[in-house]
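Student: Given next are the chains, with one letter for each unit.
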Amino acid sequence: MNFLPIATNIADYLRDSLGLTNGIAMVLAAIIHGSLLVAIFMGTPVFWIWGERKIAGRIQDRMGPTRVGGRFGWLQSIADGIKLIQKEDLVPPAADSMLFRMAPYMVCVASFATFMVLPFGDTWVAVASDIGLYVLVAILSLEVIGIILAGYSSGSKWSLFGGMREAAQMVSYEIPLAICAIIPVTVAGSLNLVEIAQLQSGGFQNWLIFNDPFTLVAFFVYFTVATASCKRAPFDLAEAESELVGGFHTEYSGMRWSFFFMGEYAAMFVVCAVASILFLGGWNSGIPPLDATLNQMRGLSADGSFEPMAYLANAIGMGILISKAWVLVFVQVWVRWTLPRLRIDQVMITCLKYLIPISCALFLGVIAWPLLVYKMTGGAQTSFASPKAENWVKPAVSTPDEDAETSQFILPNSTPDDRMAVADDDRKVAGGTR
Amino acid sequence: MYDLVGHFLLFGIIIIGALIVPLLIGRLVRPKLPTPQKDSIYECGEPTIGTSYVQFDLRYYVVALVFIVFDVEVIFFFPWAMIYGGAMHLADSRITEATRTELSAKMLNTPVAELASENVIGAESAYWLGLTGLMDVLVFFSVLLVGFAYVWKRGDIDWVRTVMKERTQPTPHQDLIPPTKTPEKQTVS
Numbered sequence: 001m002n003f004l005p006i007a008t009n010i011a012d013y014l015r016d017s018l019g020l021t022n023g024i025a026m027v028l029a030a031i032i033h034g035s036l037l038v039a040i041f042m043g044t045p046v047f048w049i050w051g052e053r054k055i056a057g058r059i060q061d062r063m064g065p066t067r068v069g070g071r072f073g074w075l076q077s078i079a080d081g082i083k084l085i086q087k088e089d090l091v092p093p094a095a096d097s098m099l100f101r102m103a104p105y106m107v108c109v110a111s112f113a114t115f116m117v118l119p120f121g122d123t124w125v126a127v128a129s130d131i132g133l134y135v136l137v138a139i140l141s142l143e144v145i146g147i148i149l150a151g152y153s154s155g156s157k158w159s160l161f162g163g164m165r166e167a168a169q170m171v172s173y174e175i176p177l178a179i180c181a182i183i184p185v186t187v188a189g190s191l192n193l194v195e196i197a198q199l200q201s202g203g204f205q206n207w208l209i210f211n212d213p214f215t216l217v218a219f220f221v222y223f224t225v226a227t228a229s230c231k232r233a234p235f236d237l238a239e240a241e242s243e244l245v246g247g248f249h250t251e252y253s254g255m256r257w258s259f260f261f262m263g264e265y266a267a268m269f270v271v272c273a274v275a276s277i278l279f280l281g282g283w284n285s286g287i288p289p290l291d292a293t294l295n296q297m298r299g300l301s302a303d304g305s306f307e308p309m310a311y312l313a314n315a316i317g318m319g320i321l322i323s324k325a326w327v328l329v330f331v332q333v334w335v336r337w338t339l340p341r342l343r344i345d346q347v348m349i350t351c352l353k354y355l356i357p358i359s360c361a362l363f364l365g366v367i368a369w370p371l372l373v374y375k376m377t378g379g380a381q382t383s384f385a386s387p388k389a390e391n392w393v394k395p396a397v398s399t400p401d402e403d404a405e406t407s408q409f410i411l412p413n414s415t416p417d418d419r420m421a422v423a424d425d426d427r428k429v430a431g432g433t434r
Numbered sequence: 001m002y003d004l005v006g007h008f009l010l011f012g013i014i015i016i017g018a019l020i021v022p023l024l025i026g027r028l029v030r031p032k033l034p035t036p037q038k039d040s041i042y043e044c045g046e047p048t049i050g051t052s053y054v055q056f057d058l059r060y061y062v063v064a065l066v067f068i069v070f071d072v073e074v075i076f077f078f079p080w081a082m083i084y085g086g087a088m089h090l091a092d093s094r095i096t097e098a099t100r101t102e103l104s105a106k107m108l109n110t111p112v113a114e115l116a117s118e119n120v121i122g123a124e125s126a127y128w129l130g131l132t133g134l135m136d137v138l139v140f141f142s143v144l145l146v147g148f149a150y151v152w153k154r155g156d157i158d159w160v161r162t163v164m165k166e167r168t169q170p171t172p173h174q175d176l177i178p179p180t181k182t183p184e185k186q187t188v189s
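The listed protein sequences derive, respectively, from chains C and Z. The first sequence maps to residues 1 to 434 in the numbering used here. The second sequence maps to residues 1 to 189 in the numbering used here.
Excised from the complex, chain C in its bound form (with noise of 0.2 Å):
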């Protein structure tokens, strides 16, 4: 159940070759890290702007963006970009300049710091934290202080109104994405989003969506909350042009303006990335031989070392989990056409009369599973699927123990030959008690 994190790679491919210490590896290869999640980040809203007045134009029976970047208009977002940056940066002398200005970068760090927790492969994590999902939805809520700080900071009304808007639908909406977040959980026994992902290969039956009928259920839930949480239509009640004009970045303009925007499509494709690993098999395909040669191509790199073939096998595993990502991001993109914007009092209800006590029914449910199926079955097994822990042991993927990986960087003096003997004496000792 242990690994080596791509980080730790990184960081011990910089200490060897460059001969540099542990603590100046370990920020450069964060750095590296960062900066290649950097381009991720920014990659996502540049496509999926692009992709959304797409999709829009087609279901309105309109052509889209055309022009910039031959037929399908498919340069439109950079082209916007290069427009943005020149737009004059303007701050009403009313706003309270500094959150005026922070506000942005709020809500930039927020949802991209989720991305530090966020797993793209079996060791591509760039902090394989064993409450990786508890720290992802605690960060991802650190969004609305920087919506409720814009709102509040530009000395509009119509902003206030948006800020708390947002406030109000946040603090609700945050229950019920917290309890349909636990469901996988107590089935899985991990918050580790790795494990949580490891635990469905195998094929789709596996996946967590299709454990029992509550999961089922919790997906649909989760997947209503998650797009109320990242603020999109039909719950985008903070930005209701309509109503507010412009919501909480009425005063906005410029650079600051599409910050707003970044931090929007980055959380959208964050919870829909959670919502793949959670409960769509994250980067398993579903298919069971296709997944079994995968997980045979990264058991060749248990020991830390780099491989090629490993290498191939997460990026394969990256692309499939960006995909499911996709398509539901797509489907949120879908739904923002298609639906008509609620009011505000409907969405407070929707939540909290409607998605609480079905989110509570279906936690309740879901404990009340595995026991019912143990009663059912005369105590031989607590799922009707073979037992999904199986996936977490494979002596492939056996790496070298917590202690073995933390006492590398306690000894500064221990050469790589040293840190390789102390995990080959490792594996011994942990294959030997299997």
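Please note that the accuracy of each hint is not assured.
[What the hints assert, rightly or not] Restraint ranges, calculated between C-beta atoms of paired labels, are given here: (1) C:R101 - Z:A64: 25 to 31 Å; (2) C:L364 - Z:I49: 47 to 53 Å; (3) C:L20 - Z:I13: 18 to 24 Å; (4) C:L18 - Z:A116: 32 to 38 Å; (5) C:E241 - Z:R154: 16 to 22 Å; (6) C:M376 - Z:S117: 26 to 32 Å; (7) Z:S117 - C:F47: 50 to 56 Å; (8) Z:L145 - C:R343: 25 to 31 Å.
In short, the hints are calculated from the structure, not lab data. Glycine residues also receive a C-beta, built at the ideal position from the N, C-alpha and C atoms.
We have chain C already, so just place chain Z on it with the hints.
Tutor: Okay, now just chain Z, sitting in the frame of chain C:
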């Protein structure tokens, strides 16, 4: 912990850097020509009346209180759910011995190599652990739900609360009011 906080700080610095760069480039190319019209707050073309730092409805406060009651309790479900899920894996008698050892070690928070064979959790005891956990969480959850039912009954989670109250109370001197159709007042902000 060190890993998480360190990464959070680094990621924050990286993204702030990535956002500042286009703003700094923009500083060279963008105009800066503020006029009183541009600087005024937008209220659909009308001159603004008063500041925006106004009082707003207290119902936001009630929603926030409901949130605190719920969210603080939901936090305690996270570690519970983890242990419960592990117990349910262990209660399945079909898992192999290797898996059982590994899961027990995880549950008892000891390295696999140091786990004594008598400490490996059997299916039966895992089932009882799960059942106890279920009872615990039912008690815990029912306290929460009683509170929620109380708030619901009191009408605190009705968004349009004032109007609801007006509707239920009989209007004084009903007989004196001519039967005209008045548009329904809705306080939706």
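Student: Against each hint, give a clear statement of whether it holds in the structure.
Tutor: Status of each hint after checking the structure:
1. C:R101 - Z:A64: 25 to 31 Å: 26 Å, holds
2. C:L364 - Z:I49: 47 to 53 Å: Between L364 of chain C and I49 of chain Z, where Cβ atoms are some 51 Å apart, the hint holds.
3. C:L20 - Z:I13: 18 to 24 Å: 19 Å, holds
4. C:L18 - Z:A116: 32 to 38 Å: 44 Å, violated
5. C:E241 - Z:R154: 16 to 22 Å: Hint violated: Cβ distance 35 Å, outside 16 to 22 Å.
6. C:M376 - Z:S117: 26 to 32 Å: Taking Cβ atoms as reference, M376 of chain C and S117 of chain Z lie about 31 Å apart, which means the hint holds.
7. Z:S117 - C:F47: 50 to 56 Å: 54 Å, holds
8. Z:L145 - C:R343: 25 to 31 Å: 28 Å, holds
This entry does not satisfy hints 4, 5, going by the numbered hints stated previously.
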